[in-house]
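**Q** The listed protein sequences correspond, in order, to chains A and B.
According to my numbering, the first sequence is numbered sequentially starting from 1.
According to my numbering, the second sequence is numbered sequentially starting from 1.
Derived from the structure by calculation, the hints contain no laboratory data.
Predicted model only: the values in this text are computed from it and were never measured.
Hints may contain errors.
What the hints assert, rightly or not - Restraint-style ranges between C-beta atoms, simulated for each label pair: (1) Val64/B x Gly232/A: 36 to 42 Å; (2) Gly8/B x Gly251/A: 29 to 35 Å; (3) Glu44/B x Ser49/A: 55 to 61 Å; (4) Phe92/B x Thr112/A: 51 to 57 Å; (5) Glu44/B x Ala250/A: 33 to 39 Å; (6) Ser19/B x Pro393/A: 49 to 55 Å; (7) Asp63/A x Glu44/B: 51 to 57 Å; (8) Lys235/A x Glu60/B: 43 to 49 Å; (9) Gly68/B x Glu147/A: 48 to 54 Å; (10) Val219/A x Gly68/B: 39 to 45 Å.
Unchecked claim - Under 8 Å between C-beta atoms, here's a sample of chain B residues computed to sit facing chain A: (11) Val16; (12) Glu17; (13) Glu22; (14) Gly37; (15) Glu44; (16) Leu50; (17) Glu55; (18) Arg61; (19) Ala65; (20) Ile66.
What the hints assert, rightly or not - Anything over 12 Å on all C-beta distances counts as not near chain A; from chain B, calculated: (21) Ala58; (22) Gln67; (23) Ser69; (24) Phe92.
By construction, the Cβ of each residue, glycine as well, lies at the ideal position given by its N, Cα and C atoms.
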Amino acid sequence: MNDAPSRIEAWIDAAGHATEDLDEMIASVLAAGVPADAVRVVVTEDEPSTREDGVRVVPADVDVLNREWRASDAEFLMLIRRGRVEPEAVDRVTGFLDRFPEVQVAYGDSVTVRGSRALNRPRFSPIRLRSNDYLGPLVVARRTVLEQVGGFRPDARRAQVLDLVLRADEVGLAVALVPAVLAREDLSDVDFASSADAQERVVREHLGRCGVTAEIERVRPFTRRLRYRIEGDPKVSIVIPTRGGSAHVAGSDRVLVAEAIRGIVERSTYRNLEFVVVCDRETPDAVVADLRDLCGDDLRIVLWDAPFNFSAKMNRGAAAATGEYLLLLNDDVEVVTDDWIESMLGLAQQRGVGMVGAMLYFEDSTIQHAGQVYTGGVAGHAAFGLPGGHDDPLGSLVTDHEVSGVTAACALVSRGVFEEVGGFTLALPGNYNDVDLNMKIRQTGRSIVFTPWARLYHFESKSRDPRILPTDIETLQSRWLRRMQVEMYSRML
Amino acid sequence: MNEAAGPGWADDAAGVELSPEERAAEERLALVDRITGLEAQVAELQSAPLLSPTETVALERNVVAIQGSTTWRVGRAVMFPVRALRYAKRRFLS
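So that you can see chain A by itself, here it is in the shape it has in the complex (with noise of 0.2 Å):
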């Protein structure tokens, strides 16, 4: 038997909820083995007071709130903003926090009410948390957070447990996702606690403990669009591996680079660039001229004349950059959004990003590329052929998230990142040697990260035959198969 229920102490938030819905959430976590002495019901006005049931009232006031957890001998104390916790969730989270020490704070799966929908929340994603909350309506710290990080803030009114988190992330506790089910929730965009406001408030605030500047929009209730601004005035290299081809691209035929360049130079609002372009000997002359045409002293013609071989060419592109960051980039795209290299700078240049992709549609506006999903050692791609316009319940397409991986057809990476993991590897010359990338720069500690608001068409067939060789598979699970067995960040698309 679990002794867990004297360890925990749980704090329920009442605000928004109507009595029934509070008295049905207490219940519930009596339910799991809480006793009542151990249950404290948040509340915006109120004197201290205990219920019938010997469940405690405390008001939202941050002196008491600190008060109380100081004066508590809990080792957990489990924060409930909405829902029903489930029977086995005190056991499960204090399960789990018990196995690995090194976890100070978790949180964990939920479903809906009826059961009939799953929310698979991502692992933890600290960039993810600045546009939106996906913690849930539970989140479990061990007592000693607190008096880390010093407490409750009195700024943070109406957004504790979210300033709590992105507070423990900032002084480097680890937070970590129990993939379970630890409770049951209504979805609703509704700011019934009025809590919208004051996520906002306490994202801009950790953004100032960082150092980071940037511009909130409000996307939706509870989704937040970052717009970090540039630090200095990086150059960027476009790194374009090419051999000039033509295709016919909605009603007419065109080549291929240089319309993709064109694109670039005409609609990108970001103007310090470099264009590094590999060609196959057999490039026709007439596309050289036209990219020196579209790009005059910016551009780089690189050789390539040797058998194909997709990584030995991106790495020959880079060696010739001089820019501080390298834009991957097949030469099938066509930019949508004009700010997309800032969407994906912005993101590169905060602290523990390793690499950033972008969203990809097809030509008919259904998805090819919102991240990647490693599991069972091999790859593929979030969302997958899904509509443009589609999105899961965790607002997934509207946040800049961390992935698993992002394809090189479109991702930004500093040089300094890029030569510290020795770029693509010349083991897979024609598949997975992104998704290879993507795992050594994982292995520095690195995140990778996907943004939905730099966008771009990926004129490539979505019945294409990637003809992946045995080889390529057994050269990438040599060296992450154990690492790649589970997804964990794009678990809803």
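Got chain A; can you put chain B on it based on the hints?
**A** For chain B alone, kept in the frame of chain A given last:
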């Protein structure tokens, strides 16, 4: 597919080959990758855990779910004679 064009741009333009420094940088990438790749391979072969707490638990839950599935149970039943023979071979013939 692109038609082969004349060698004009590739032969005439001075800047299409890498400089010695750039060539060295290119080679350095390959060398670093080989080391990184070997380190990754060694880590794969070691018994030390490579997964985060979240991944570890998720994987364990996946295994439990698989072992609780009808497919798994039917497969175990179908394979029972083979397993029994293997056991007997190990137990009595070796």
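**Q** Now tell me, hint by hint, if it's right for this structure.
**A** Verification of the supplied hints:
1. Judged by the Cβ atoms, the range 36 to 42 Å given for Val64/B and Gly232/A is violated: they are separated by roughly 50 Å.
2. At roughly 31 Å, the beta-carbon separation of Gly8/B and Gly251/A lies within the given 29 to 35 Å, and the hint holds.
3. Separated by about 58 Å at the C-beta atoms, Glu44/B and Ser49/A satisfy the suggested range of 55 to 61 Å.
4. For the pair Phe92/B and Thr112/A, the beta carbons lie near 56 Å from each other, so the given range of 51 to 57 Å is met.
5. Range check, Glu44/B to Ala250/A: about 45 Å between beta-carbon atoms, so the 33 to 39 Å window is missed.
6. Roughly 53 Å separates the CB atoms of Ser19/B and Pro393/A, a value that falls within the hinted 49 to 55 Å.
7. Between Asp63/A and Glu44/B, the C-beta spacing of about 53 Å keeps the proposed range 51 to 57 Å intact.
8. Between Lys235/A and Glu60/B the beta carbons are some 47 Å apart, a value that agrees with the proposed interval 43 to 49 Å.
9. For Gly68/B and Glu147/A, the Cβ-Cβ distance of about 41 Å falls outside the hinted range of 48 to 54 Å, so the restraint is violated.
10. For Val219/A and Gly68/B, the Cβ-Cβ distance of about 40 Å falls inside the hinted range of 39 to 45 Å, so the restraint holds.
11. Here the hint on Val16/B is kept, as its CB sits about 4 Å from the closest CB of chain A, short of 8 Å.
12. Among the interface hints, the one on Glu17/B holds; its C-beta lies about 6 Å from the nearest C-beta in chain A, closer than the 8 Å criterion.
13. Nearest Cβ of chain A to the Cβ of Glu22/B: about 5 Å, under the 8 Å cut. The hint holds.
14. The restraint placing Gly37/B at the interface with chain A holds, with a minimum CB-CB distance near 6 Å, inside the 8 Å limit.
15. The interface hint given for Glu44/B is met, as the beta carbon of that residue sits about 6 Å from the closest beta carbon of chain A, less than 8 Å.
16. The criterion of a C-beta within 8 Å of any C-beta in chain A is met by Leu50/B, whose closest approach is roughly 5 Å, and the hint holds.
17. Hint status for Glu55/B: holds, given a least beta-carbon distance of 5 Å to chain A, under 8 Å.
18. For Arg61/B, the suggested interface contact is upheld, since its CB lies about 6 Å from the closest CB of chain A, less than 8 Å.
19. The interface hint given for Ala65/B is violated, since its Cβ lies 12 Å from the closest Cβ of chain A, which is over the 8 Å cut-off.
20. Taken as an interface hint, Ile66/B does not check out: its beta carbon lies about 11 Å from the nearest beta carbon of chain A, beyond 8 Å.
21. Remark: the non-interface label on Ala58/B conflicts with the geometry, its nearest Cβ contact in chain A lying 4 Å away (cut-off 12 Å).
22. Under the 12 Å C-beta cut-off, the non-interface status given to Gln67/B relative to chain A holds; the minimum distance is some 16 Å.
23. Distance check for Ser69/B against chain A: the nearest CB is about 16 Å away, which clears 12 Å, and the non-interface claim stands.
24. For Phe92/B, the condition that its CB be more than 12 Å from all CB atoms of chain A holds, with the nearest at approximately 36 Å.
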